[in-house]
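Using the hints, position chain E against chain U.
Residue numbers (the working numbering), protein chains in the order written: chain U, 946 to 1369; chain E, 946 to 1369.
Some clues are possibly wrong.
Identical chains blur together in the list; that is why a pair holds if it fits in one copy or across any two.
[Said to hold, decoys possible] With a cut-off of at most 27 Å between alpha-carbon atoms, the simulated BS3-like pairs for lysine-lysine come out as follows:
| # | residue 1 | residue 2 |
| --- | --- | --- |
| 1 | K958 | K1094 |
| 2 | K971 | K960 |
| 3 | K958 | K1360 |
| 4 | K958 | K1203 |
| 5 | K1360 | K971 |
| 6 | K1366 | K1094 |
| 7 | K960 | K1094 |
| 8 | K1360 | K1094 |
| 9 | K952 | K1203 |
| 10 | K971 | K1094 |
| 11 | K958 | K971 |
| 12 | K971 | K1366 |
| 13 | K1366 | K958 |
Please keep in mind that the hints were generated in silico from the structure rather than gathered at the bench. Given the structure is predicted, the values throughout are model-derived calculations rather than measurements.
Number of protein chains: 2
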Amino acid sequence: MNEPVTKELVIHKIKHNLRRLRTAIKWIIFSILSGLLIGMVGIAFYFGMTWVTDTRTAYPWLIFFLPLGGIMIILLYHLLHDEKDTGTNLVLSAIHSGDEIPLRMAPLIFISTLITHLFGGSAGREGAALQLGGSIGNSLGRLFRFDEKDKHIMIMCGMSAAFSALFGTPMAAAIFPLEVVSVGIMHYSALVPCVISALVAHGLALHFQIAPPSFAILDIPEFGISSAVTVTILAVLCALVSILFCISLHYSEAIYRKFIKNPYLRAAAGGCIIILLTLLVGNQDYNGTGVNIISKCFDGTVAPEAFLLKIIFTALTLGAGFKGGEIVPTFFIGASFGCLFGTLTGFSPTLCAAIGMAAIFCGVTNSPITSLLISFEMFGFAAMPFLLLAIAFSYMLSGYYGLYRSQKIMYSKFKTSYINKQTH
Amino acid sequence: MNEPVTKELVIHKIKHNLRRLRTAIKWIIFSILSGLLIGMVGIAFYFGMTWVTDTRTAYPWLIFFLPLGGIMIILLYHLLHDEKDTGTNLVLSAIHSGDEIPLRMAPLIFISTLITHLFGGSAGREGAALQLGGSIGNSLGRLFRFDEKDKHIMIMCGMSAAFSALFGTPMAAAIFPLEVVSVGIMHYSALVPCVISALVAHGLALHFQIAPPSFAILDIPEFGISSAVTVTILAVLCALVSILFCISLHYSEAIYRKFIKNPYLRAAAGGCIIILLTLLVGNQDYNGTGVNIISKCFDGTVAPEAFLLKIIFTALTLGAGFKGGEIVPTFFIGASFGCLFGTLTGFSPTLCAAIGMAAIFCGVTNSPITSLLISFEMFGFAAMPFLLLAIAFSYMLSGYYGLYRSQKIMYSKFKTSYINKQTH
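Chain U extracted, bound-state conformation (with noise of 0.2 Å):
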């Protein structure tokens, strides 16, 4: 401000502020661009998700070629050269490091989230939409000849695009990808073009008539001293369900490797004992998504084990080699362990199970602003209150587990110091 204003001055500043502009402009391009093409993956590979769930529900008899869908899995990732593949882990440790991403990652995702889900393994959805969106958006990094930061950008608005598509919460596919890298540092440079691939990519979606998601909660009680008391009970008991849920994840693919050294047995014992457990329960609810269970919490109705259960068919499915991800059954889980909590406690099980679904989500991607927000877009602003106790709760007390090991928490829970440590 105390320089002297000279014409050299007067022209770097306008240059200076001219490829400023131009980068606005490109991220503005390149962020349409990979909204609607990588929306339009999100969307085929929602419709592709809705037959294979209708399918299987047509048919339930398909639970049984289970352990034959993991073979053709694993066959797959054999024949395209990717048996190393560490899915998401990849997609995000490639942000913070100079990793390719390769192309076949998507339609291997693709196909065998799809085989997963038509023969009821218990998983998610994000885990594809992150790998496809990331994929897709790196490929189209290299293809435009970005450099190896820009590539980073990329990336993060492929998966803010594809989640966008796929869950309807544009906002929060935003930010996710800014926040879930290096918990603690908010990749704000890509934060026009995420928003950007999000809002075409919602859009888009919208045009093909995929209804975003919407849970009421029937009943909010008023904010106050006993109420919050309670709400904070639930937060801490969502933690130690995280933290459950993430060890469960883990120990099951360590404990898989450690009896079946090959991977095809591996598959195929984990599609058995999901069979077999199947059989046990005596319905389909823990296969596949269960958004219809989700649901159910938000009328107030719940199995007490349910849980419990999908904790065991998820970690029994991903860990033998299943694809997907965990945020569905995540939701699941939050959903019915909140509603459980809310019927024994006669707190409002409804707004339980939001807590629940938000807090959990939290707990085990240790990102708070995207569980905020995210919640905000399913279940609309009034229990704002609640969610905000919840979460932070959540956060502090999930300890450093989490979903994607090549995670990494940058500062400690507890203190303002830096740490810079891999979640487990």
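Relative to chain U, chain E alone:
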């Protein structure tokens, strides 16, 4: 996970988690305490502000004493040996350094802000809120013999409490201190303390019948390509207005200092200039906070020159040494500029007023998440996609300008590069 489970390990884990539990309980207790104590101070300040504003409105001739008010403020700071006071900048820098915030900052800013407003200076209240909260929080930390890092959390906690009591927006109050200090780094270790503190202070404020702010957007057009383009243009203009406001504030101070060395004369001269301007304008719309004018923008009425006049009034008030803050003027400028844009383009003036407030708040604070959250608290959730888009663009294009000179922007707004740049 692969360590052998020995007795020592189990004992270590238990001890470790008990320590964490103790930390959690410690923060619950101290954040409730901070919410209560600082919330009460914030409420007292709120009523003080209401009283001085009502008094000035009843006796408009009070503004002729503004030069005297300025002299009183300088004298007050001189008497309490705080001439070098850097206000909110010190509070922000204390969070990432070992700087102490003196307790006398609290009464000083309390009284001097009231003086500024009683005699019709144009300023806000959040500077007072952040300084009251920060200095009392810091003193509480010292009182309880907290270590350096815990004192930083106490400062943030105090800022949340005061902001929440005054503004009635607990969610934004809880997140603002985590986001604003080092943009790009989120101090999540203070999440639980800040959330509790903000909710407690908000509860107190509601108890004292302080109504949270609420501006109804009368007409929300459908979000589509043409409305998105319109909002993007508005957001780009808002980014430019943010830059203009920041430059005006800083230049005004520099010019005052250059031409008048004596601080008493400076304040008196500033007071005289504001009196002259008020007489020229012919009303007191631009004196004080101007909350009533913000409300008018939501009826769709605005004077075209309003935003420019508010920039001039505020820059000339604060630059001369008067105290207060910049956030309510920021909202005034945003609402009046947005409403003007809406009136000119025929695109929902009330929606544009809301977008203007959110986008210019983001432009001058560089805090996109807080901007989003405070928007939802003030306007509800219905205009979400417009707000999201506008905030993203305003963040990107407002450059490295900002209200607080001790704020740091850690990562480039255009690349994922670490820059650690002070705002100017």
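Quick rundown of the hints versus the structure:
Proximity of K958 to K1094 under the C-alpha cut-off of 27 Å is restricted to the intra-copy arrangement: shortest distance 24 Å within a copy versus 40 Å between copies. In the homo-oligomer, the alpha carbons of K971 and K960 lie at most 27 Å apart inside one protomer (16 Å), although the nearest pairing across protomers, at 53 Å, exceeds that limit. Proximity of K958 and K1360 under a CA criterion of 27 Å is satisfied inter-copy only: 19 Å between copies versus 41 Å inside one chain copy. Proximity of K958 and K1203 under a CA criterion of 27 Å is satisfied inter-copy only: 25 Å between copies versus 62 Å inside one chain copy.
Within a single copy, K1360 and K971 get their C-alpha atoms only as close as 40 Å, which misses the 27 Å cut-off; across copies the closest is 13 Å, which meets it. When the C-alpha separation of K1366 and K1094 is checked against a cutoff of 27 Å, the pair qualifies both within a copy, at 23 Å, and between copies, at 19 Å. With identical chains, the CA atoms of K960 and K1094 are at most 27 Å apart within one copy only, with a shortest distance of 22 Å there and 43 Å across copies. Taking the closest pair of Cα atoms, K1360 and K1094 come within 27 Å of each other only across two copies (6 Å); inside a single copy the shortest separation is 30 Å, beyond that limit.
Proximity of K952 to K1203 under the C-alpha cut-off of 27 Å is restricted to the inter-copy arrangement: shortest distance 24 Å between copies versus 71 Å within a copy. When the C-alpha separation of K971 and K1094 is checked against a cutoff of 27 Å, the pair qualifies only within one copy, where the shortest distance is 14 Å, while the shortest distance between copies is 42 Å. Taking identical chains as interchangeable, the C-alpha atoms of K958 and K971 lie at most 27 Å apart only when both belong to the same chain, with a minimum of 20 Å there against 51 Å between chains. Taking the closest pair of Cα atoms, K971 and K1366 come within 27 Å of each other only across two copies (24 Å); inside a single copy the shortest separation is 34 Å, beyond that limit.
Taking the shortest Cα distances, K1366 and K958 sit within 27 Å of each other only across copies (17 Å), while inside one copy they are farther apart (40 Å).
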